[in-house]
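With the hints as constraints, model all of the structure from the sequences given.
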Amino acid sequence: MKKLYSVVALLAITLLSSCELVGDIFKAGAYTGIIIVVIIIALIIWLLSKFRGRG
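For the sequence shown, the working numbering gives the first residue as 2, with consecutive numbering after it.
Please note that a few of the clues may not be correct.
Unchecked claim - Computed spacing ranges between beta-carbons, pair by pair:
id, residue 1, residue 2, range
1, Gly54, Gly24, 34 to 42 Å
2, Ile35, Ala13, 14 to 22 Å
3, Arg53, Asp25, 28 to 36 Å
4, Cys20, Leu49, 22 to 30 Å
5, Gly24, Lys4, 30 to 38 Å
Hints were generated in silico from the structure; no laboratory data involved.
Glycine included, every Cβ here is placed at the ideal spot set by N, Cα and C.
As structure tokens, this is what we get:
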């Protein structure tokens, strides 16, 4: 189970730390950025609740 947490954390860090992504979000607009951030946070919370429920 700890390996799965490590893989999920590594994947999230890799996908969410891109400076290019941040630049594109700012180009798209503030509301788009807010919506994307809310969706990502909701997805992370959902994934964590699924993994903790099984343990």
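*Please write out, lowest number first, the hints stated earlier that are contradicted by the structure.*
No numbers; nothing is violated.
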